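K.L.:
Each chain is listed here by its residues.
Number of protein chains: 4
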Amino acid sequence: MIDVAILGATGYTALELIKILLRHSEVRITTLTTRQEGNPHIQAIHPSLHGQLDLHCESLTPSEVAERVDVVFCALPHRASMDAVPALLAGGCKVVDLSADYRLSDPGVYEKWYGNVHTDPTRLGKTVYGLPEIWAEKIPGQDLIANPGCYTSTSIIGLAPLLCGRHIEPTGIFIDAKSGVSGAGRTPKLTVHYPECNESVTAYSVGHHRHQPEIDQVLSEVSGQGVEVIFTPHLIPMDRGILCSIYATPISDLSENEFLDVYREFYKEKPFVRIVEHLPSTKDSAYTNFCDITVRLTRGRLIVLACLDNLIKGASGVAVQNFNLMAGFDETTALLPQSNSQSS
Amino acid sequence: MIDVAILGATGYTALELIKILLRHSEVRITTLTTRQEGNPHIQAIHPSLHGQLDLHCESLTPSEVAERVDVVFCALPHRASMDAVPALLAGGCKVVDLSADYRLSDPGVYEKWYGNVHTDPTRLGKTVYGLPEIWAEKIPGQDLIANPGCYTSTSIIGLAPLLCGRHIEPTGIFIDAKSGVSGAGRTPKLTVHYPECNESVTAYSVGHHRHQPEIDQVLSEVSGQGVEVIFTPHLIPMDRGILCSIYATPISDLSENEFLDVYREFYKEKPFVRIVEHLPSTKDSAYTNFCDITVRLTRGRLIVLACLDNLIKGASGVAVQNFNLMAGFDETTALLPQSNSQSS
Amino acid sequence: MIDVAILGATGYTALELIKILLRHSEVRITTLTTRQEGNPHIQAIHPSLHGQLDLHCESLTPSEVAERVDVVFCALPHRASMDAVPALLAGGCKVVDLSADYRLSDPGVYEKWYGNVHTDPTRLGKTVYGLPEIWAEKIPGQDLIANPGCYTSTSIIGLAPLLCGRHIEPTGIFIDAKSGVSGAGRTPKLTVHYPECNESVTAYSVGHHRHQPEIDQVLSEVSGQGVEVIFTPHLIPMDRGILCSIYATPISDLSENEFLDVYREFYKEKPFVRIVEHLPSTKDSAYTNFCDITVRLTRGRLIVLACLDNLIKGASGVAVQNFNLMAGFDETTALLPQSNSQSS
Amino acid sequence: MIDVAILGATGYTALELIKILLRHSEVRITTLTTRQEGNPHIQAIHPSLHGQLDLHCESLTPSEVAERVDVVFCALPHRASMDAVPALLAGGCKVVDLSADYRLSDPGVYEKWYGNVHTDPTRLGKTVYGLPEIWAEKIPGQDLIANPGCYTSTSIIGLAPLLCGRHIEPTGIFIDAKSGVSGAGRTPKLTVHYPECNESVTAYSVGHHRHQPEIDQVLSEVSGQGVEVIFTPHLIPMDRGILCSIYATPISDLSENEFLDVYREFYKEKPFVRIVEHLPSTKDSAYTNFCDITVRLTRGRLIVLACLDNLIKGASGVAVQNFNLMAGFDETTALLPQSNSQSS
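Residue numbers (my numbering), protein chains in the order written: chain F, 553 to 896; chain G, 553 to 896; chain U, 553 to 896; chain S, 553 to 896.
So here's chain F without its partners, still in its complex pose (with noise of 0.2 Å):
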């Protein structure tokens, strides 16, 4: 039994990541973390979890929080993950860091975006990029790993074929995102209060979403060539799932299905991406750790649809994956119904 801790217990990641671990028969949850005063009851901060776990969140030093677990999942705001996680490391523990703090591998590139100096720069560069389909052979036996953005994830999954097999240009790729609200985190503010974001769509940072440079850096170094894309997001009046809606142009003269095939062929391994044929909704990959994608080509452009949740497949459930293969177990412990006969 590994005794886990998450830190940052009181947002919509650290609920999902409670949910999933509960249902991991080799996991035992012993530690909440929360900078909140008073040690809130977990399951006053998140009701739903009433009678499911009876703990209360802590105000810890990561040395502490090292003394008493094995592995962190660290669910702290970018800034503050940095602060804890060497200490986690030197405590002993292994850590999923859900922030953005370990995904850039190029401290000024993090400075440039982040607007802050990194406090940990030598571990730049040398951690593994969790995106298990993309690197699942990187990630066993790592101690930090850093977990994925939501939107990032989904744009990389359903760009990665197209670019690793040379198949359309490299630059001036659009991705049209589309996200729920729970992208955007549990802190009220106006642009998620519910009468401004209801009934309505927009775009947001476009041109400058944080996201952007690392789904160039993740696309560029998995390809092998200089990939450069323009991204916009959109806020989408619905709890979870993200969108994205790919355009760009090829290079090969495939065809429609042969382009399935290729996605067929990249993911064949990997059992959370689904090649679909149909135009994929972000319900039917809902609650789920899958990704679901299609692509179809008109008028001499390639449009890639590819959509998951962003809470699980872009958060908690691809931590859980992670956590998985750094620990030796099966991918898909506690995030598939483990296999009997009739998932055939």
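Honestly, the hints are just simulated from the structure, not real lab data. Owing to the predicted nature of the structure, the values given are computational and were not obtained by experimental measurement. Wrong hints could be hidden among the right ones.
All copies of an identical chain are treated as equivalent in the list; a pair is satisfied when it fits inside any one copy or across any two copies.
Stated by the list, open to error - The calculated SDA-like cross-link candidates involving lysine to any residue, where the alpha carbons are at most 20 Å apart (straight line), are:
no.: 1; residue 1: K678; residue 2: D658
no.: 2; residue 1: K822; residue 2: S757
no.: 3; residue 1: K646; residue 2: L612
no.: 4; residue 1: K820; residue 2: L888
no.: 5; residue 1: K664; residue 2: T840
no.: 6; residue 1: K646; residue 2: K678
no.: 7; residue 1: K664; residue 2: L574
no.: 8; residue 1: K678; residue 2: E773
no.: 9; residue 1: K741; residue 2: P684
no.: 10; residue 1: K741; residue 2: T562
no.: 11; residue 1: K741; residue 2: Q588
no.: 12; residue 1: K741; residue 2: I597
no.: 13; residue 1: K690; residue 2: Q890
no.: 14; residue 1: K822; residue 2: Q604
no.: 15; residue 1: K822; residue 2: D606
no.: 16; residue 1: K822; residue 2: E883
no.: 17; residue 1: K690; residue 2: S775
no.: 18; residue 1: K822; residue 2: G603
no.: 19; residue 1: K690; residue 2: G660
no.: 20; residue 1: K820; residue 2: S600
no.: 21; residue 1: K822; residue 2: S600
no.: 22; residue 1: K820; residue 2: Q604
no.: 23; residue 1: K664; residue 2: R851
Add chains G, U and S to chain F, keeping to what the hints say.
P.N.:
Just chains G, U and S now, with coordinates in the frame of chain F:
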């Protein structure tokens, strides 16, 4: 042309007031106030007004406002309102106060429910409660009108004909109210954060909502008996609209149709109350100043279904209706298409 | 391994059944039926099942089904169900019937509310009503269980402790129910067309909803007195969840906390009823088999707030709970994470 | 006073037409038609019109309609419209046709995209396409106007200044459109059944939506070059509103501000186009006849964000705007508050 100010211009009721008053041919909005710093332009606060109204929101004292305008719509929070109203009246303005500060007639009741001492107690009990469906004849000529709450208007319009006609028991009346989220105002907080209240229904303030004594007071006064309601509000995942499902015990032996006739008779001169035979949807009265009502008699109990738009008939529409009556305009000015031959 | 069929596989309750049963280690779904032509694959009907279940929906007679499987979940519409159940039982199957056909004990009451003669009347009055929170001990060993309606379960679980303990008047009970739209089924019609019911609340079937006699019957039987409720359902713009706000008149002089203790005692052995002190949101029980309940005492009246997920605890979850009890499995199998040390 | 008929009065565009025309001081709605049996009252079809318009919907031939009225708004489905229009014109009516039947100029293109032969082909190519932001000067005096589609208006208004000014490549333009559900009409079907499309986003008709050739045709004609767009519509869980996010490749070296100036100059006489500097939300133009636009320049590509209300500016509002121009009224009559001194 009447010059008008709106105090507290950044909220949803102020936005609706502006939209309605822009259609009022006898009114000119000349002054908007806010406590926000920097005199923001109203179009920066409410982008939907782009190109419609070219005014900055200013930080002004009540006296400064009174020097500029004839009429003030006071959309300040309770407590702030009673700090401003005496000076506005002293400065010669007529005031429609949309806060709760002048609705209750007893300073002790006010203090009990709002938690602070009333600083202008001599006006309580003298200020007309601005529900034109009940007291239209009292409104012309007043200098100050206490504009009713949204839940209150729905409940009172729904119950007054039954109580005034002595058709139901005056106690043991259950009002189960369902409200859209805009009724909670524009200040972000966790309970109205999109992912919290979307896809969910919950009751709140059960047994201690501030509109309960307001409903009791007005219905007791209008019907000449001690009325006691049990008021249970619920938050519904939609922008606007209130539906009150009211459960009462009849003491007369009228049929369902005769009850409908009681309503038709009571409101026959009232242009904004629509007695309908079908079960009304909040959507039918959304974006209008109408209140839709029907009744059902089942198992010896009476069920009243009354709905309206909380921001219009429940706040800003009735405020303009009150203003029209105070100023001698037709009650429907700017609230209904002005009559031509088609509205037979 | 138990072989299972689901009749009427295209609806929402069937989809939830499949998702739950895929997590059940002792069950194998082998047969799905539909009246749609062409034996559509279940993944074409429910794209969310892509990669999860590889079965076609077939058009089979009850006898053909009975030859193939041990247990049948009958998710057919009422009337179609009683055409199939006798042959399924004759063929040796155990049946959980999710329709209304075997819930009422009196064929005359059935005919009055459903508008057709019951063709299998001898089983009425003998079939166990499958609400394990009330009659868990009657379920093991049964061949046929009448699975309760969603409104009914919420209402009965919310009222049984009060009525069985003789704490409230058995008549004049008002149940104001708010339901998400999935409760209306998957067949398109105007009332549940998106632009009609979105951003709107409305009551429907006031005084004549078919769940009213079902609630009366079960509560009368379990409490040994004539119970009469006034049931008013409302459609709320959300996918799933039911909240019943129940208004009753106490006849004992318990305090609010003592009423909560009545509930805690009544449900102390019931893993799916959570007595909470806060006002529950439907979202907290969404996607689970829990029913959350609290009570408030105000002005001498009792308000019960009870909520659950209409598709799970209100339909498919309780169906699997019934199946578990019939088949001798732990009641919570496939419905709760199987116990490890963390669920203290 | 002009007597007006609306053909096909049961849909959402007809409802919006009625609401707008009730505010039009020079118009009298005298005739409504439907193919539904029994001459239903318009208030039974649209309960929100209760007390507003006292007319039954009749089943009339075009000639019968033409005898009664001066102007016809034809809100019939495509194909039905071209069956009615010739007789209406022959009867002396002026017609605003809201269907697609007279929008395309080439009968072959019509047949390819709509699947049936055009029965009134001689009017194709001669009928003015009613987009007053592009061709206002052609509309006065016309007897028949082809009212544009909602996606089309958003796309054309968003792109015309760039294409007419030769600022972007005329091909390889990606239009990613997000539409509220009312755009799909009022006929219930599974894709717009509430629980299917709520809480979900999906693309549809990728590469073969009928508005694509309409956009190509109008933009090619107005800019004098062969324009080719890749149009990808998405269904968004909200009632109304369209946002088009348009991706184009600039061929001039203007700055972002200079691009904004191109728009301001192009639309300087157009009361319903608002060039804004912030990223517009569909909510800001909902329930109005405005189209809001901004542009962003990023990584050498141009992103245009254009939004409007699909039922008003995208259908019924522009229809009244066309009617105003045909009949010689001010373009904004019934669509904007009539000017007084406040709308500076």
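K.L.:
The structure should be examined with respect to each hint, and the outcome stated for every one.
P.N.:
Here's how the hints hold up against the structure:
no., hint, result
1, K678 x D658, "within (10 Å within a copy, 61 Å between copies)"
2, K822 x S757, "neither (32 Å within a copy, 29 Å between copies)"
3, K646 x L612, "within (17 Å within a copy, 54 Å between copies)"
4, K820 x L888, "within (17 Å within a copy, 31 Å between copies)"
5, K664 x T840, "neither (34 Å within a copy, 41 Å between copies)"
6, K646 x K678, "within (15 Å within a copy, 59 Å between copies)"
7, K664 x L574, "neither (38 Å within a copy, 46 Å between copies)"
8, K678 x E773, "within (13 Å within a copy, 56 Å between copies)"
9, K741 x P684, "neither (33 Å within a copy, 37 Å between copies)"
10, K741 x T562, "both (16 Å within a copy, 15 Å between copies)"
11, K741 x Q588, "both (18 Å within a copy, 16 Å between copies)"
12, K741 x I597, "both (18 Å within a copy, 15 Å between copies)"
13, K690 x Q890, "neither (24 Å within a copy, 32 Å between copies)"
14, K822 x Q604, "between (31 Å within a copy, 14 Å between copies)"
15, K822 x D606, "between (35 Å within a copy, 18 Å between copies)"
16, K822 x E883, "within (10 Å within a copy, 34 Å between copies)"
17, K690 x S775, "within (16 Å within a copy, 54 Å between copies)"
18, K822 x G603, "between (35 Å within a copy, 12 Å between copies)"
19, K690 x G660, "neither (25 Å within a copy, 57 Å between copies)"
20, K820 x S600, "between (36 Å within a copy, 19 Å between copies)"
21, K822 x S600, "between (31 Å within a copy, 17 Å between copies)"
22, K820 x Q604, "between (36 Å within a copy, 15 Å between copies)"
23, K664 x R851, "between (38 Å within a copy, 16 Å between copies)"
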